[in-house]
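Protein chains: 2
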Amino acid sequence: MNQETGIAILAPGLLGGSLALAARKRFPLTPIRVWARRAEAVEEVRQRIPSAIGCESIAECMQGVSLAILCMPVQHMPAAAQQIAAAAVRPDLLVTDVGSVKGSVVAALEPILFAKGITFIGSHPMAGSHTTGMANARADLFQHAACLLTPDEKSPPAALERLRAFWASLGCRVLEMSPAQHDHHVARISHLPHVMAALTTLAALKNDTSPIPCAAGGFRDTTRVAAGDPSMWTGILHDNRHEVLAALQDASSHLRELIEIIENDDLTRLQSLLAEAKQLRDLVPPPTAA
Amino acid sequence: MNQETGIAILAPGLLGGSLALAARKRFPLTPIRVWARRAEAVEEVRQRIPSAIGCESIAECMQGVSLAILCMPVQHMPAAAQQIAAAAVRPDLLVTDVGSVKGSVVAALEPILFAKGITFIGSHPMAGSHTTGMANARADLFQHAACLLTPDEKSPPAALERLRAFWASLGCRVLEMSPAQHDHHVARISHLPHVMAALTTLAALKNDTSPIPCAAGGFRDTTRVAAGDPSMWTGILHDNRHEVLAALQDASSHLRELIEIIENDDLTRLQSLLAEAKQLRDLVPPPTAA
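Those protein sequences? They're chains Z and V, same order as listed.
Take the first sequence: its letters are residues 1 to 290, numbered as in our numbering.
Take the second sequence: its letters are residues 291 to 580, numbered as in our numbering.
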C-alpha cells in the first residue's frame, strides 16, 4: 500500500517522467505534482498524464506531498533543496533524489534540509538509457532495476522504510549502502563503462569513420551508452572523480598489460586475460534474474 | 534463385549452424552437407535439420557441392583447405569462410586451393554473439548483418557474383573490400570493442566483485562480448595483431588524455570529449536501418 499523501517530481526528464508514469500506474489515487524549469516540460508530462498537477514553483509543488523526488542533474540539486527548505511543507515530508552520485549529493543536501527538520535520504535507481526526456519515458523503466538507497546515521528508520517500500512498489530490487560505498560501486559498474564506451568510440572512429557500415551488435552494444547526454555525464564524472580516476587507472594498467601481451604475441597470457574477463562477466546475472 | 548444386558447411558451431539453418530455410531443395571434427556436432545439426547430410570426412563432404563454407576457428582453416585441395571436387567449387580476419586467411588459403584450380574468396558475416555452438544457432542470425567479401585480383567475377548472391539471399548487406581494408575496419569496429569490453570487466570487477548486484543495462551492454570464447578470440587477435595494436594504442592515448582531464577537473574538455564520442556514436545506424 502507498503511504504517501502526494508525490512531487521535480524536473521530469527521462527518469522523472518515467517515475511519474510508474507512480501514476501503481498509485492511481495519489496526487502527483510536477515542477520543471521549463513550462513546456510540465506540459509534456500533462499530455501523457492528464491527472498530474503542474506547478509553477518548487514551493507550490510541495503542497500536501509527503515524498519529493529530485530528478534534475546533480549540479542543480542544491538550489532545488534550498527552495524546498524555504517552502511550507508537511512535517512528514521525505526528500530523495535519483542522482548517479551520492557522496557529494548527500553531503550537499542533507544539511540544507535537516536544518529545517526535513528528512533527506539519497536514492539511485540503476535505470535509464542513452536517451533523454519525457518523450522516451516508460512506466516500466524501473522494473527489475537495482535501486541503491544511501541512508546514514541521521536517517530515521521509518522514513527509510517508506522509501524502500516506494521503490519496491515500482518493481525495483532495493539495496542499501553508505554514500561512499555507493560511489565506489557505481564508479566501477556504471561510470567506468560509460567512459570506456566513449573511449572505444573515439579509438574506433575518430581518425576515420569508414568502418561504420561494418558495425554489428558487438560495436553497438559496447558503445551504446556513449550516446548519452555529455553535459549530464560531465556533472556525474566531476562529482565522482576520485572513484572514477581510480577505476580508470585500473583500466589503464590492464590496457598497458594487454598491449605488452599483444606486442610479444604471448598467446598463453592473452587467452588467460580473456578467460579471466569472461569468468567475471559470467558472474553478472541477466536483468530479470538479478 | 540459388545457383548452388549443394552447400558444404564445415564445423557447424554458432555461425556454421546458423548458416545451415538459414540455407535450409531459404533453399529447401538444395543438399546441405555437414562435416565436423566431432561426430556429436554433426548429430546436433541433424537433430535440428533432419535433411542435412552428415559426413565423416571433408573429402566426403565435398561430393557434388558447388559452395563450401569454412566455419572453424581461423587457425584451423589451412588444414581444412589442404583436405579440400586433396579431394575430388566439382570444377565450379567455390570455397569461402566466415573468419573474423581476412589478410592472414586469404594469404594462407588462396595458394592451397588455387594450386588445384579451386576458387577461394573470403567472407566475413558480421553476425554472431557471445554465445557459441549449434545450441544457440538461429536461422535469422544473418538478417540485416553486414557481410564483408574480400576478393582480390585473382577472384573470378562470376564466382564473386555467386558469393554475393548467396549472402544477400540470407538477408545480409554485402560489402566488398580488400583483405587489408577489412582487417583495418574490423580491428576498429569489432576487435577493439571486444578487447575494451574485457578490459572494462577486469577494471570493474577484478579487485572486488561486490558491485555486481548494482549492475544495470549500461554495464551489461558495454561488457556483453567479454563473455565470448577466449580461445576463439585469442586466435582472432593474434591473426590481426598489427591492426589491433594500432587501435589499442589509440585507445590508450585517449585514455591517458581523459585521465589527465579528470585529474585537472577540466570540465570544458571533459564535456567536449564526451560530446565528440556521442557525435561519432550517433553516426552508427540502428541494426535494421543499416
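Among the hints, erroneous ones may be present.
To be verified - Below, a list of computed lysine-lysine pairs in the DSBU-like style, where the Cα atoms sit at most 35 angstroms apart:
1) Lys25/Z <-> Lys406/V
2) Lys315/V <-> Lys496/V
3) Lys116/Z <-> Lys25/Z
4) Lys444/V <-> Lys496/V
5) Lys496/V <-> Lys406/V
6) Lys206/Z <-> Lys568/V
7) Lys406/V <-> Lys278/Z
8) Lys496/V <-> Lys154/Z
9) Lys568/V <-> Lys444/V
10) Lys206/Z <-> Lys406/V
11) Lys444/V <-> Lys278/Z
12) Lys315/V <-> Lys206/Z
13) Lys25/Z <-> Lys206/Z
14) Lys116/Z <-> Lys206/Z
15) Lys154/Z <-> Lys116/Z
16) Lys278/Z <-> Lys496/V
Because the hints were derived from the structure by calculation, they are not lab data.
So, going through the hints one by one against the coordinates:
Only pairs whose Cα atoms come within 35 angstroms are accepted, and lysine 25/Z paired with lysine 406/V is rejected, the gap being roughly 70 angstroms. For the proposed pair lysine 315/V and lysine 496/V, the alpha carbon gap of about 44 angstroms is over 35 angstroms, so the pair is violated. Annotation: proposed proximity of lysine 116/Z to lysine 25/Z holds, straight-line Cα distance about 32 angstroms (limit 35 angstroms). Restraint check for lysine 444/V and lysine 496/V: not satisfied, since their Cα atoms lie roughly 48 angstroms apart, outside the 35 angstroms limit.
Pair hint lysine 496/V plus lysine 406/V does not hold up; C-alpha atoms about 51 angstroms apart against a cutoff of 35 angstroms. Distance restraint check for lysine 206/Z and lysine 568/V: the Cα-Cα separation of roughly 11 angstroms lies within the 35 angstroms cut-off, and the hinted pair is therefore satisfied. Restraint check for lysine 406/V and lysine 278/Z: the C-alpha separation of about 42 angstroms exceeds 35 angstroms, so the hint is violated. A distance of roughly 34 angstroms separates the Cα atoms of lysine 496/V and lysine 154/Z; the hinted pair therefore holds under the 35 angstroms criterion.
At roughly 41 angstroms between alpha-carbon atoms, lysine 568/V and lysine 444/V are farther apart than 35 angstroms, so this suggested pair is violated. A distance of roughly 44 angstroms separates the Cα atoms of lysine 206/Z and lysine 406/V; the hinted pair therefore is violated under the 35 angstroms criterion. Restraint check for lysine 444/V and lysine 278/Z: not satisfied, since their Cα atoms lie roughly 40 angstroms apart, outside the 35 angstroms limit. Pair hint lysine 315/V plus lysine 206/Z does not hold up; C-alpha atoms about 40 angstroms apart against a cutoff of 35 angstroms.
With a C-alpha separation of about 44 angstroms, the suggested pairing of lysine 25/Z with lysine 206/Z is violated against the 35 angstroms cut-off. A C-alpha spacing of about 51 angstroms is found between lysine 116/Z and lysine 206/Z, which places the hinted pair above 35 angstroms, so the restraint is violated. Restraint check for lysine 154/Z and lysine 116/Z: the C-alpha separation of about 14 angstroms stays at or below 35 angstroms, so the hint holds. For the hint linking lysine 278/Z to lysine 496/V, the alpha-carbon distance of about 11 angstroms falls within 35 angstroms, and the restraint holds.
Consistency with the previously given hints fails for numbers 1, 2, 4, 5, 7, 9, 10, 11, 12, 13, 14, ordered from lowest to highest.
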